[in-house]
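2 protein chains.
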Amino acid sequence: MASLDSVLAKIDQNLDAAVARLFEFIKIPSVSTDPAFNNDCHRAAAWAAAELTSLGFEASVRETEGLPMVVGHAKAARPDVPHVLFYGHYDVQPADPLELWTTPPFEPRIVETLAGRQLVGRGTADDKGQLMTFVEACRAFRETGELPCHITILLEGEEETGSPSLPAFLAANKTELRADMALVCDTLMWDKSTPAITTMLRGMVLEEVVIHGPNRDLHSGMFGGPAINPIRVLAKIIAELHDDTGRITIPEFYDDVIELPNEIADQWHELRFDGAKFLGDVGLSVPAGEHGRSVLEMLWSRPTCEINGIVGGYTAKGSKTVLPAQASAKFSFRLVANQKPDEVAKNFRAFVIERLPADCHAEFISHGASGAIALPFTSEALNRTRRALQVEWGKEPVLAGCGGSIPIVGSFKKDLKMDTLMVGFSLEDDRIHSPNEKYEMSSFHKGARSWARILTALSQ
Amino acid sequence: MASLDSVLAKIDQNLDAAVARLFEFIKIPSVSTDPAFNNDCHRAAAWAAAELTSLGFEASVRETEGLPMVVGHAKAARPDVPHVLFYGHYDVQPADPLELWTTPPFEPRIVETLAGRQLVGRGTADDKGQLMTFVEACRAFRETGELPCHITILLEGEEETGSPSLPAFLAANKTELRADMALVCDTLMWDKSTPAITTMLRGMVLEEVVIHGPNRDLHSGMFGGPAINPIRVLAKIIAELHDDTGRITIPEFYDDVIELPNEIADQWHELRFDGAKFLGDVGLSVPAGEHGRSVLEMLWSRPTCEINGIVGGYTAKGSKTVLPAQASAKFSFRLVANQKPDEVAKNFRAFVIERLPADCHAEFISHGASGAIALPFTSEALNRTRRALQVEWGKEPVLAGCGGSIPIVGSFKKDLKMDTLMVGFSLEDDRIHSPNEKYEMSSFHKGARSWARILTALSQ
Chain A
1 MASLDSVLAK
11 IDQNLDAAVA
21 RLFEFIKIPS
31 VSTDPAFNND
41 CHRAAAWAAA
51 ELTSLGFEAS
61 VRETEGLPMV
71 VGHAKAARPD
81 VPHVLFYGHY
91 DVQPADPLEL
101 WTTPPFEPRI
111 VETLAGRQLV
121 GRGTADDKGQ
131 LMTFVEACRA
141 FRETGELPCH
151 ITILLEGEEE
161 TGSPSLPAFL
171 AANKTELRAD
181 MALVCDTLMW
191 DKSTPAITTM
201 LRGMVLEEVV
211 IHGPNRDLHS
221 GMFGGPAINP
231 IRVLAKIIAE
241 LHDDTGRITI
251 PEFYDDVIEL
261 PNEIADQWHE
271 LRFDGAKFLG
281 DVGLSVPAGE
291 HGRSVLEMLW
301 SRPTCEINGI
311 VGGYTAKGSK
321 TVLPAQASAK
331 FSFRLVANQK
341 PDEVAKNFRA
351 FVIERLPADC
361 HAEFISHGAS
371 GAIALPFTSE
381 ALNRTRRALQ
391 VEWGKEPVLA
401 GCGGSIPIVG
411 SFKKDLKMDT
421 LMVGFSLEDD
431 RIHSPNEKYE
441 MSSFHKGARS
451 WARILTALSQ
Chain B
1 MASLDSVLAK
11 IDQNLDAAVA
21 RLFEFIKIPS
31 VSTDPAFNND
41 CHRAAAWAAA
51 ELTSLGFEAS
61 VRETEGLPMV
71 VGHAKAARPD
81 VPHVLFYGHY
91 DVQPADPLEL
101 WTTPPFEPRI
111 VETLAGRQLV
121 GRGTADDKGQ
131 LMTFVEACRA
141 FRETGELPCH
151 ITILLEGEEE
161 TGSPSLPAFL
171 AANKTELRAD
181 MALVCDTLMW
191 DKSTPAITTM
201 LRGMVLEEVV
211 IHGPNRDLHS
221 GMFGGPAINP
231 IRVLAKIIAE
241 LHDDTGRITI
251 PEFYDDVIEL
261 PNEIADQWHE
271 LRFDGAKFLG
281 DVGLSVPAGE
291 HGRSVLEMLW
301 SRPTCEINGI
311 VGGYTAKGSK
321 TVLPAQASAK
331 FSFRLVANQK
341 PDEVAKNFRA
351 FVIERLPADC
361 HAEFISHGAS
371 GAIALPFTSE
381 ALNRTRRALQ
391 VEWGKEPVLA
401 GCGGSIPIVG
411 SFKKDLKMDT
421 LMVGFSLEDD
431 RIHSPNEKYE
441 MSSFHKGARS
451 WARILTALSQ
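Protein chains in written order, with the numbering used here: chain A, 1 to 460; chain B, 1 to 460.
Treat the hints as calculated values from the structure; they're not laboratory data.
There may be inaccurate statements among the hints.
As the list claims (entries may be wrong) - Which chain B residues face chain A? A few, computed with CB under 10 Å, are given here:
hint, residue
1, S220
2, L271
3, R272
4, D274
5, N338
Claimed, not checked - To spell it out: a stretch of chain B is covered by chain A in this simulated footprint if at least three of its residues, at any positions, have a beta carbon under 8 Å from a beta carbon of chain A; those stretches are:
hint, segment
6, 10 to 18
7, 134 to 141
8, 147 to 158
9, 426 to 433
We put the beta carbon where it would ideally sit given N, CA and C, even for glycine.
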């Protein structure tokens, strides 16, 4: 087996080619939520499978009821090393609003900034760039010798839409996918020079509500006054979801929420997270969450209720004096450990129904649900990973929470009885889900080097 | 001059050709609010001008800063008859949502129903069908002899967008357009067999509000909790616009509203308006306006605040965990006599601004404003019109209010010092501004006959 140094040197030497490969991947607009991009999602899966095959993985595209999975297996030279399951996703968020991109979202490019080089394009950070750090680490091992661990790679194409096909796929392929631990790269660094290992993840409940009122669109002059307006009904429901202290008013919502243990609270306090800067970077100044909580708590350990979209009536240019037949909104609840997704969805729906006037009814559409996760990570694997990251970055990694959801981590725990080590190299300001998404070249490069160190550490 | 009987017979005889002419007009999709249809609006104006020219009017298309006007003048044989100014509009509402039309909106057709024949298509009732009843009456006079009154016809192309170019056009052409009285046909019958003369019209204020929060769209996992959501802010403002008794909460909103005089209230009460049926026809059962007011009061003599459209965040299929940078809504206020449009707009804006949290700001866009009108109609012209309608329909016409706005009537009063006689033949269930708009064949046919009788009565 080659020395770690030669593997790291190979990663350095491969960097330009690695960026070119990533750009090929990004040029495939694999937007999973919009059926118009279905074919592109299949192309992205095929591209990834071919890539793994070229690295000696036994890899294939695996059909599901939705978008396909990509699965690849490769053995280490030594049999007595751990088997890890690496997870990533090849699908990306929609690129809209397109007019806010300075260059086309699916024509990635390198941008030189004062702080260093950045890779810009939809999926650079979420998640194509991140997952390719792991693939490039595997390549460097292959080009200098053998893999240090047995590796299974699982890439899905529905992460951005709540992973509807994943539970059935995991259930049907338990034996094949089970490993000693899972590795997930869909997470953040603490800052550009400080790595992080994420040990807490919020869960998510995605609900869409359509309020139906009159049986057709009405003229607001001919019917305005006596006819109920579904936009008004929906607005009132949304307005009542939070009280004046920022707490969510749905009954039982906080019943299963656990207060942060003091030791974790202290550790986070010591991070001296700059909430004012965090908000200031996006043009805000006043934390909008629960009163009396720090910004970091709001993000990492408190549940939320957001409205992700709302639409009703006439929304194009100019005016139209219409009183619409319906109005709808998309809601997402971020959950923390112990909150039960099904209960939250049930109580939310009851909350909406209770507030409907006589002439309105509500239609509910679920877009997925997953519980939160909190890993009591005191394992040897965690310790080895901390040391590996410390050596690569010259700094102790932060043990962090994460505001976002990675449903797969819950499934790995529940269905495959595996813990997950979450290490990723994205930054808060990577503009994921927004126009002009980027990924730092340093994240891409040192991310691959970090995986080389972690895999080596895990195998020893 | 030909007898009224021969004019009426000519209208009967012309009916099929009149429908064919109307359908030609409707096939031009003159949607004024959407710039994509700009060319079609110009085509509709040219079509109408050519039509008037063919009837011996001195007619032309007159450019404005927005969409053009059509103006035509024709003299009666006798000099000592009244000069009337007839107003209509050739623009129509957008046809969306297109998927709810059973046949294409701009391919008009005749539908046979148990209750008689209907003309179906965008603009059949609002306002192309209505205005053509007057044009067809003029044609019958021309084809049997001379016009009974001096007639000026003014057709505008921006009625559905608040008539932005009209005030300047009236001001610039006062002498040319001034007449003894105005005739406006953009109103309703009481029911399919009972004509109506409208003497009260609500005014309108059209306001669009854009709430701006974060400086870009955010990931709801990465920022949800501490970051303010403009949809939530907008929903709260909308929710607070009405109190629990259905009253609008904007300060001073009702200060200038006058209670209905008892005699008018009694007359309306005797109409035995079936509020339950009115609401039932559109799938509703509970009046949503001010408690303690009848449905007819809510429609004819009380002001309203409606939300005509709302949009923010992700609204396409599926889900997107975005926390949007902005959310917007379009509002329309229906005003009653004495309410001042500028005051209402000013107080509404202040209401919104007062409710903005620290990190949000509001952008306001006005889409037009016009005051309400109430005509104390005791003139000889009104009496003659009542008798003419009584003879044609065999029933006393109702002296009605109208929930909708016809800004031109206010302008005629204010700028040209003319009263307006409002007679139209549309019905409540004509689905104007909605999919499958229709106009009764009886309205189209007897509408033209009614104008023949009214013009004759006014000339005697």
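Status of the hints after comparison with the structure:
no., hint, result
1, S220, "4 Å, holds"
2, L271, "15 Å, violated"
3, R272, "16 Å, violated"
4, D274, "12 Å, violated"
5, N338, "18 Å, violated"
6, 10 to 18, "violated (count 0)"
7, 134 to 141, "violated (count 0)"
8, 147 to 158, "violated (count 0)"
9, 426 to 433, "holds (count 4)"
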